[in-house]
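**Q** Just so you know, the protein sequences line up as chains Y and H, in that order.
Counting in numbering that gives the first Met the number 0, the first sequence runs from 0 upward without gaps.
Counting in numbering that gives the first Met the number 0, the second sequence runs from 0 upward without gaps.
There's no promise every hint is true.
To be verified - Restraint ranges, calculated between C-beta atoms of paired labels, are given here:
1) Y/Lys179 with H/Asp319: 18 to 26 Å
2) H/Ser455 with Y/Ala60: 38 to 46 Å
3) H/Ile86 with Y/Gly505: 48 to 56 Å
4) Y/Ile7 with H/Asn19: 47 to 55 Å
Don't read these hints as lab results, they were simulated from the structure.
Don't be surprised by glycine CBs; every beta carbon is placed ideally from N, CA and C.
2 protein chains.
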Amino acid sequence: MNSNPISIDNLEALYSNYTNRQFYAFYPEDLRAYDTSFNTNALAKFQNTLNSDFHQMDPSASLLGEEVSPFLNVGLGINYNAYSNDILIQNSQNAFLDWSAFSVNKRFEVLCDIFNSLGTPQVFFDLAYATMHTTGQSFMMSFQASGPHALDRGLEVLAVAYHELNKFPSSVNWEKDFGKFSLKLFKNYKPVSVGVGLVIGCSTFPSWNSFPSIIANLITGNTVIVKPHPKAILPLAIIVDIIQNVLDKHGLNKNIIQLAVDTVANPITKILCEDPAVKLIDYTGGNSFASYLYTLKNKIVFTEQAGVNSVLVDSSDNLDKSIQNLIFSASLYSGQMCTAPQNIYVSKDGIKTPDGVIGFDDFCDKLKIAAEAMSQNPKAGPATFGAIQNDNTLRNIELKTNDFNEQILLSNSINNEEFTDAKTQSLTIVKTTSKEKKNFQNEIFGPFLIVIKTDSFEESLALAKESAAQFGAITCLAYCVDNIKMQQIEMEMNSVFTPVSFNFQGAAFVNQHAAFSDFHVTGGNPAGNATFTDSNFVNRRYFWVGNRYYTETF
Amino acid sequence: MNSNPISIDNLEALYSNYTNRQFYAFYPEDLRAYDTSFNTNALAKFQNTLNSDFHQMDPSASLLGEEVSPFLNVGLGINYNAYSNDILIQNSQNAFLDWSAFSVNKRFEVLCDIFNSLGTPQVFFDLAYATMHTTGQSFMMSFQASGPHALDRGLEVLAVAYHELNKFPSSVNWEKDFGKFSLKLFKNYKPVSVGVGLVIGCSTFPSWNSFPSIIANLITGNTVIVKPHPKAILPLAIIVDIIQNVLDKHGLNKNIIQLAVDTVANPITKILCEDPAVKLIDYTGGNSFASYLYTLKNKIVFTEQAGVNSVLVDSSDNLDKSIQNLIFSASLYSGQMCTAPQNIYVSKDGIKTPDGVIGFDDFCDKLKIAAEAMSQNPKAGPATFGAIQNDNTLRNIELKTNDFNEQILLSNSINNEEFTDAKTQSLTIVKTTSKEKKNFQNEIFGPFLIVIKTDSFEESLALAKESAAQFGAITCLAYCVDNIKMQQIEMEMNSVFTPVSFNFQGAAFVNQHAAFSDFHVTGGNPAGNATFTDSNFVNRRYFWVGNRYYTETF
Numbered sequence: 000m001n002s003n004p005i006s007i008d009n010l011e012a013l014y015s016n017y018t019n020r021q022f023y024a025f026y027p028e029d030l031r032a033y034d035t036s037f038n039t040n041a042l043a044k045f046q047n048t049l050n051s052d053f054h055q056m057d058p059s060a061s062l063l064g065e066e067v068s069p070f071l072n073v074g075l076g077i078n079y080n081a082y083s084n085d086i087l088i089q090n091s092q093n094a095f096l097d098w099s100a101f102s103v104n105k106r107f108e109v110l111c112d113i114f115n116s117l118g119t120p121q122v123f124f125d126l127a128y129a130t131m132h133t134t135g136q137s138f139m140m141s142f143q144a145s146g147p148h149a150l151d152r153g154l155e156v157l158a159v160a161y162h163e164l165n166k167f168p169s170s171v172n173w174e175k176d177f178g179k180f181s182l183k184l185f186k187n188y189k190p191v192s193v194g195v196g197l198v199i200g201c202s203t204f205p206s207w208n209s210f211p212s213i214i215a216n217l218i219t220g221n222t223v224i225v226k227p228h229p230k231a232i233l234p235l236a237i238i239v240d241i242i243q244n245v246l247d248k249h250g251l252n253k254n255i256i257q258l259a260v261d262t263v264a265n266p267i268t269k270i271l272c273e274d275p276a277v278k279l280i281d282y283t284g285g286n287s288f289a290s291y292l293y294t295l296k297n298k299i300v301f302t303e304q305a306g307v308n309s310v311l312v313d314s315s316d317n318l319d320k321s322i323q324n325l326i327f328s329a330s331l332y333s334g335q336m337c338t339a340p341q342n343i344y345v346s347k348d349g350i351k352t353p354d355g356v357i358g359f360d361d362f363c364d365k366l367k368i369a370a371e372a373m374s375q376n377p378k379a380g381p382a383t384f385g386a387i388q389n390d391n392t393l394r395n396i397e398l399k400t401n402d403f404n405e406q407i408l409l410s411n412s413i414n415n416e417e418f419t420d421a422k423t424q425s426l427t428i429v430k431t432t433s434k435e436k437k438n439f440q441n442e443i444f445g446p447f448l449i450v451i452k453t454d455s456f457e458e459s460l461a462l463a464k465e466s467a468a469q470f471g472a473i474t475c476l477a478y479c480v481d482n483i484k485m486q487q488i489e490m491e492m493n494s495v496f497t498p499v500s501f502n503f504q505g506a507a508f509v510n511q512h513a514a515f516s517d518f519h520v521t522g523g524n525p526a527g528n529a530t531f532t533d534s535n536f537v538n539r540r541y542f543w544v545g546n547r548y549y550t551e552t553f
Numbered sequence: 000m001n002s003n004p005i006s007i008d009n010l011e012a013l014y015s016n017y018t019n020r021q022f023y024a025f026y027p028e029d030l031r032a033y034d035t036s037f038n039t040n041a042l043a044k045f046q047n048t049l050n051s052d053f054h055q056m057d058p059s060a061s062l063l064g065e066e067v068s069p070f071l072n073v074g075l076g077i078n079y080n081a082y083s084n085d086i087l088i089q090n091s092q093n094a095f096l097d098w099s100a101f102s103v104n105k106r107f108e109v110l111c112d113i114f115n116s117l118g119t120p121q122v123f124f125d126l127a128y129a130t131m132h133t134t135g136q137s138f139m140m141s142f143q144a145s146g147p148h149a150l151d152r153g154l155e156v157l158a159v160a161y162h163e164l165n166k167f168p169s170s171v172n173w174e175k176d177f178g179k180f181s182l183k184l185f186k187n188y189k190p191v192s193v194g195v196g197l198v199i200g201c202s203t204f205p206s207w208n209s210f211p212s213i214i215a216n217l218i219t220g221n222t223v224i225v226k227p228h229p230k231a232i233l234p235l236a237i238i239v240d241i242i243q244n245v246l247d248k249h250g251l252n253k254n255i256i257q258l259a260v261d262t263v264a265n266p267i268t269k270i271l272c273e274d275p276a277v278k279l280i281d282y283t284g285g286n287s288f289a290s291y292l293y294t295l296k297n298k299i300v301f302t303e304q305a306g307v308n309s310v311l312v313d314s315s316d317n318l319d320k321s322i323q324n325l326i327f328s329a330s331l332y333s334g335q336m337c338t339a340p341q342n343i344y345v346s347k348d349g350i351k352t353p354d355g356v357i358g359f360d361d362f363c364d365k366l367k368i369a370a371e372a373m374s375q376n377p378k379a380g381p382a383t384f385g386a387i388q389n390d391n392t393l394r395n396i397e398l399k400t401n402d403f404n405e406q407i408l409l410s411n412s413i414n415n416e417e418f419t420d421a422k423t424q425s426l427t428i429v430k431t432t433s434k435e436k437k438n439f440q441n442e443i444f445g446p447f448l449i450v451i452k453t454d455s456f457e458e459s460l461a462l463a464k465e466s467a468a469q470f471g472a473i474t475c476l477a478y479c480v481d482n483i484k485m486q487q488i489e490m491e492m493n494s495v496f497t498p499v500s501f502n503f504q505g506a507a508f509v510n511q512h513a514a515f516s517d518f519h520v521t522g523g524n525p526a527g528n529a530t531f532t533d534s535n536f537v538n539r540r541y542f543w544v545g546n547r548y549y550t551e552t553f
């Protein structure tokens with residue numbers, strides 16, 4: 000663990016790490032960097048939390064909670080204080096008056112303290128169990144994604160904000176020479192905050208996807224209402240709780256950030272979205288809700304939606320390693336990542352390799368073998384797949400499988416010795432042809448791969464491009480060792496705002512976007528309109544206002 | 000005239016001028032800095048342009064043109080090649096393929112050349128006559144606004160773009176240490192352009208308001224269709240023509256920028272807006288068209304709309320000078336500036352001055368005297384007021400005047416000895432009370448001031464704030480020498496994203512926003528969603544895309 004706390008003095012250097020795009024991580028992702036006692040404590044704490052009230056009961060709130068552990072397959076029994084929309088909005092508006100009036104510097108001080116309170120080994124392990132037993136992510140992924148990776152993503156936002164909010168002097172003495180006299184004005188420049196920000200969490204990456212938005216809103220002087228998915232509240236409840244404690248320690252209004260709790264049966268998100276006081280909405284989730292958000296007036300909306308991620312397999316120096324890599328990426332967290340590959344395009348002419356051309360059917364066979372090896376591996380299998388967050392995913396995959404005439408591999412449950420009741424599912428692999436567009440040009444969430452036989456490399460690329468433009472894409476994985484084709488792939492996929500990962504093997508996975516180096520979502524195609532982290536992610540949350548004072552004319 | 004041309008080597012320094020916010024101008028605004036021969040040439044050129052075809056007739060185009068000089072009160076008789084929407088879009092899409100593929104550096108080279116071709120004394124005088132005889136701006140304003148000021152605003156955009164587009168390295172060798180081995184990836188980062196940009200000009204500031212958008216689109220690799228107001232084509236036709244010549248000189252597709260010409264009776268703007276190829280829309284003009292633009296899907300829209308600009312008169316060290324300043328700002332270009340003051344709030348308790356309290360009615364009398372002196376001044380009158388661009392402005396003011404029971408000053412024509420047929424109108428000043436909100440809470444375009452008697456300073460401020468929040472405001476002028484109240488004004492008006500100019504006298508005018516120092520429009524209230532020039536103005540026109548190449552693992 001990094002022993003130096005985050006302070007305002009670090010932020011300029013952090014911004015250099017952001018712009019130079021080299022590898023950088025403030026918080027180690029390697030479990031071995033952390034004392035195991037934190038893990039032991041965290042597990043005990045988590046077990047104590049089960050079947051109890053997370054918050055001390057507030058008489059003005061109702062207690063709600065309906066999370067279910069995908070590993071234990073039982074309800075967590077944790078209840079949270081749930082407030083009415085009116086109270087949440089009123090609290091947030093009151094807190095905004097205080098928070099937005101603070102100086103930028105003061106906000107950075109508080110935010111640094113928030114990072115130092117959240118970025119501790121104990122919190123990381125607490126978040127790991129909370130994430131694991133709400134999302135179904137494996138323990139390792141839960142630890143990394145909700146702890147160090149989420150915090151590093153947030154730190155990236157803080158660094159960008161530091162640069163952006165300090166771009167201009169807070170005031171200048173401006174002087175214009177008119178020859179015979181000089182006009183003098185005193186001018187000041189202020190980044191003016193916009194109001195209440197609503198951050199809507201998702202059920203699969205509650206902390207990783209929402210934390211950057213929380214930080215972006217707070218540092219720009221806006222208040223935050225965090226509305227987690229009703230099935231993945233705990234990680235965000237822990238984060239909100241710690242931030243509130245820091246605010247309290249600084250003598251600030253705790254309602255600068257609030258947790259909004261609802262249930263699947265009685266959702267409150269739209270009511271919050273439509274409240275005129277809510278000016279900013281950050282959303283991670285499906286397309287239909289995002290489309291609804293785009294129809295709302297006078298809101299600044301940041302989204303990460305669904306996409307159809309493509310794999311282009313044209314040629315490889317080592318096809319077996321390529322296939323292993325691809326299968327791992329599709330299996331990781333059972334394909335429940337927004338970055339997971341789905342559609343694999345292979346020309347009917349097969350794949351060029353050092354061992355000659357591998358035909359389409361041979362490739363499918365190799366995929367099947369690799370997928371089976373992955374899911375049947377007693378240790379790597381359960382650790383890679385984790386568990387299925389939502390029963391709908393299981394049902395949907397069963398349904399979609401039937402849309403395809405040819406199945407390469409049907410899914411099974413994964414044998415998980417530690418959690419025998421875990422809701423698991425191995426990879427389904429189906430095949431089809433480029434003629435059957437309607438079957439593959441939409442997101443099929445979960446562990447599902449479609450191998451599409453095309454007429455040519457050109458058709459493969461054209462379909463991947465079309466699909467990204469029309470339905471969105473966050474990633475594209477390409478196996479290709481032909482320089483001309485690689486350039487073509489990059490140019491065509493980039494033109495629909497989709498980044499390409501070429502020839503990934505070994506420890507390089509298309510799913511993973513590293514803070515300080517990889518942009519997550521470009522914002523240019525229907526997979527979302529925002530990016531972790533470009534300057535727009537921060538700068539669209541406030542407006543510069545400059546005032547001028549006449550001083551004198553000589 | 001600055002003798003050093005703009006080159007890539009200047010742009011880092013220009014960006015420092017942008018961030019430091021001190022006075023900076025690359026192009027001198029003072030007519031005396033320019034040899035008078037350019038003026039003589041320009042006038043002769045303008046006269047030759049009258050009743051002729053601006054473009055060499057293209058058989059595939061139709062010839063259109065219906066501009067009328069507000070000074071001469073006759074049609075200019077200039078015809079322009081007008082192409083069908085389909086041709087414009089097709090040309091622009093074809094040009095986009097070339098232009099977007101160029102390196103950022105190459106685009107900066109071309110853009111520098113565009114500035115050096117546009118930023119010449121001859122072009123400035125050519126633009127002056129073109130602007131004067133389409134917009135009705137006085138010769139001086141036409142020269143300054145369309146030439147040096149517009150170019151400086153464009154240069155500011157270029158400087159911001161230089162910083163933003165070069166923020167990241169074009170590629171890095173990224174290495175992540177896993178302890179036993181190291182993962183190496185080659186990564187590149189590209190600002191990917193979005194497509195065809197439509198820039199919709201207005202009739203009052205065709206060049207000043209559209210030029211920054213043109214530059215922002217071009218430098219981010221997007222193509223531009225410039226659609227001027229049918230009554231103010233010439234200034235933009237000159238600009239597009241010169242840019243096309245530069246493109247041609249560089250061997251580039253001239254259709255990277257195109258002029259789209261229509262008539263009031265057969266407008267084509269909506270058809271262009273709705274074309275799926277048009278991804279970016281820059282618009283200056285009224286609210287109803289802007290509201291329409293916000294309903295369009297998959298467009299990135301930048302607007303400067305109308306607003307209601309307020310004046311708060313509480314106290315003054317020198318009320319006469321304050322009034323002179325205010326009257327000048329309201330008279331300048333006959334109030335046809337988006338920054339012109341309209342609503343003057345004065346408490347019934349009067350205005351504190353070194354000579355004692357000046358009552359509401361005395362203030363109105365002083366306003367009237369100053370306004371009459373301004374319009375009747377044989378030299379300053381016509382030079383300040385210029386001419387009325389649109390007959391509707393005259394009709395509307397007549398109509399609105401009747402909404403008010405009490406008129407302080409009725410408008411007259413301005414005696415203009417040089418242009419005896421000029422369409423002119425002096426200031427109308429009416430008075431009302433804070434009870435009559437419906438009469439003053441909307442924009443009344445043109446030379447029209449409303450003095451509103453309020454119950455108190457607090458009511459004055461509350462009304463100005465409410466009006467800015469609901470109807471937008473680009474400026475607020477405040478006369479107040481009480482420190483506590485000044486802070487209140489700044490805080491309250493800034494909270495609705497309205498900048499305040501305090502106690503302006505002499506050569507400081509609320510209408511004027513200086514490039515490199517003042518933001519023009521904040522983007523936060525209904526007066527517009529974009530700012531000259533924040534980084535969003537550039538960064539929302541492209542998306543960062545990063546590609547990753549697996550190199551090796553050790």
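**Q** A separate judgement is required for each hint: does it hold in the structure or not?
**A** For each hint, the structure was consulted:
The hint said 18 to 26 Å for the Cβ distance between Y/Lys179 and H/Asp319, and at roughly 22 Å that hint holds. In this structure the hint that H/Ser455 and Y/Ala60 lie 38 to 46 Å apart at CB holds, the actual value being about 41 Å. For the pair H/Ile86 and Y/Gly505, the supplied restraint of 48 to 56 Å holds, since their beta-carbon distance comes to about 52 Å. Between Y/Ile7 and H/Asn19 the beta carbons are some 22 Å apart, a value that contradicts the proposed interval 47 to 55 Å.
Going down the numbered hints, you'll see the structure goes against just number 4.
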